[in-house]
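Let's have the full structure, built from the sequences with the hints guiding it.
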Amino acid sequence: MKILAIDTSTELTSIALVDSGTVISMASHTDARGHVEAIGALFTELELDLSSLPDLIACGVGPGPYTGLRVGIAFAQGLSAAWSVPVVGVCSLDAVANAIIRQELVSPSDEFIAATDARRKEYYWAKFDSGGKRLFGPNVGLTEVVRELVLESRISLVADVLPHAIDVAACALRGDQLDVTPMYLREADAQPSVRVQL
Amino acid sequence: MRINEPLVLGIETSCDETGVGIVRGRELLSNALASSVELHARFGGVVPEVASRAHLEAMLPTIELACSQAGVSLSDIDAIAVTAGPGLVGALIVGVASAKALALGLGKPIYGVNHLAAHVMVDELEHGPLPEPVIGLLVSGGHSSLIKVVNGDFTSLGQTLDDAAGEAFDKVARLLGLPFPGGPMIDQAAQNGDPNAIDFPRALRTDPAHAFNFSFSGLKTAVARWVKEQQRLGNAISVPDVAASVQEAIADILTSKAISAAVDQNAPHLVIAGGVAANSRLRALAAERCALAGIELRVPSPALCTDNGAMVAALGSHLLRAGAAPSPVDFPATSTLAVSEVLF
Ligand SMILES: [Zn+2]
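Protein chains in written order, with the working numbering: chain A, 1 to 198; chain B, 1 to 344.
Each hint can be trusted.
So the derived label-pair ranges between C-beta atoms look like this:
| id | chain 1 | residue 1 | chain 2 | residue 2 | range |
| --- | --- | --- | --- | --- | --- |
| 1 | B | ARG174 | A | ASP129 | 51 to 61 Å |
| 2 | B | GLU126 | A | ASP160 | 49 to 59 Å |
| 3 | A | ARG102 | B | GLU38 | 44 to 54 Å |
| 4 | A | GLY141 | B | ALA209 | 46 to 56 Å |
| 5 | A | ALA188 | B | SER73 | 31 to 41 Å |
| 6 | A | ASP160 | B | PHE43 | 35 to 45 Å |
Coverage of chain A stretches by chain B, computed from C-beta distances (three or more under 8 Å per stretch; other residues unrestricted):
| id | region |
| --- | --- |
| 7 | 63-76 |
| 8 | 81-90 |
Chain B is nowhere near these chain A residues, computed Cβ spacing over 10 Å in every case:
| id | residue |
| --- | --- |
| 9 | LYS2 |
| 10 | SER20 |
| 11 | VAL23 |
| 12 | ASP55 |
| 13 | SER109 |
| 14 | ASP110 |
| 15 | ARG134 |
| 16 | VAL146 |
| 17 | ARG147 |
| 18 | ALA159 |
| 19 | LEU178 |
| 20 | LEU185 |
Note that these hints are calculated values from the structure, not bench results.
Just so you know, even glycine gets a beta-carbon here, dropped at the ideal spot from N, CA and C.
Okay, here's the thing in structure tokens:
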């Protein structure tokens, strides 16, 4: 099972080709605003052989800042159309949880909360069991409130791990798949734009 | 890469229309469109986040529709073209990311192109090779500019200093209680009105420093003031007369400046494009004045005047046939882009 995985739900833009759990190649770039510039270059770094396509495309569908998030999803959908290869979504916090376990950042028997920056002093967060199965969430909430919750329930909070494409691939491989629909968690801003002037 | 009749797929997402068009050389094969305009109507203007979400949802179905209407499959495509700017950056990004994936996935070149230049170049699909030098008058809710094209180079002669022409229509429509988008509503209401009923101002008409620039913000103020004054005097307000008079002022200033640009630049051809080019009075007045001045007028049909994917494909095809090098894989989407920057 060869999976091409992508995540752009944080400042980390990453892409990876993973064959049944073995990373064949991967590339990443950190820039909170440069996803659309990075994605094409990172894809070419994979040096993919277009004559032997992956079986599946997996994409982190957030939650995450919207503009970057949409880059990864649009790119994954575009590849899916170009190759006629199916595409699935993966909750980006599931990928974070996978990375946390992979890097042994929590003790192996504990539940934990994984969080990423949602701006406006908020976290995107979800609660996981020790195996990385999502128990609650994803949610968006004030960092303060999440921290209080963590103190009360005495479970650990990991808020400094970013989702990577190799974790997205792992989640997709074990069947934690979603529709390819962005997890916005907030309503679209109802502010009319200043029109583009030229 | 240089092909005489390349099959080019163009993607447009700079504002609220998700457009995918396919051309072969200068031949239009399909022009699929999904619009989020109805989602914005209750806000009275385009909401960027609403537009960006709608683009992502519409992108794949619109690509599929364009392919099926053209009777081609993606593997037949020779090159991808996409609007890289100017426009709403969050909206542009959806198109650029999708286009990069198609190009890289198919192993084909990509052309990140200028939306304004595409508005002018789309005329090739209906009226054949663009004669040069030619003046382009671009008028829509997002832009009002005068462009000169000579030897394939695009230069800006002037633009609006404040509101775009389409924006002026929207704002006046709102004052008159007509729904968004205002252009078609004003056009319709004006059919039964007297264009000479009220003498609204023509800004920058005689200012030599702004010979080819426009200003429309004063028009809205003038209409508001006039409406208020009539209400104070207890006079009934004729919406058709106001609509016709406003439309006359806008059409007058646009056409007179476009024609003086053509005369000044020795460019005996004028292309009018953008959503406002669908305005019936603008078309009629431009035809009348171009005939008098001996200028050939070319106006693409309405579906090619408003934002669409075929115009992007038309420009991509033009660049490819001219032997232009494709864009690098890391080109950005950018909200501001001068018309002289035709290709990234
Ligand atoms: Zn436009």
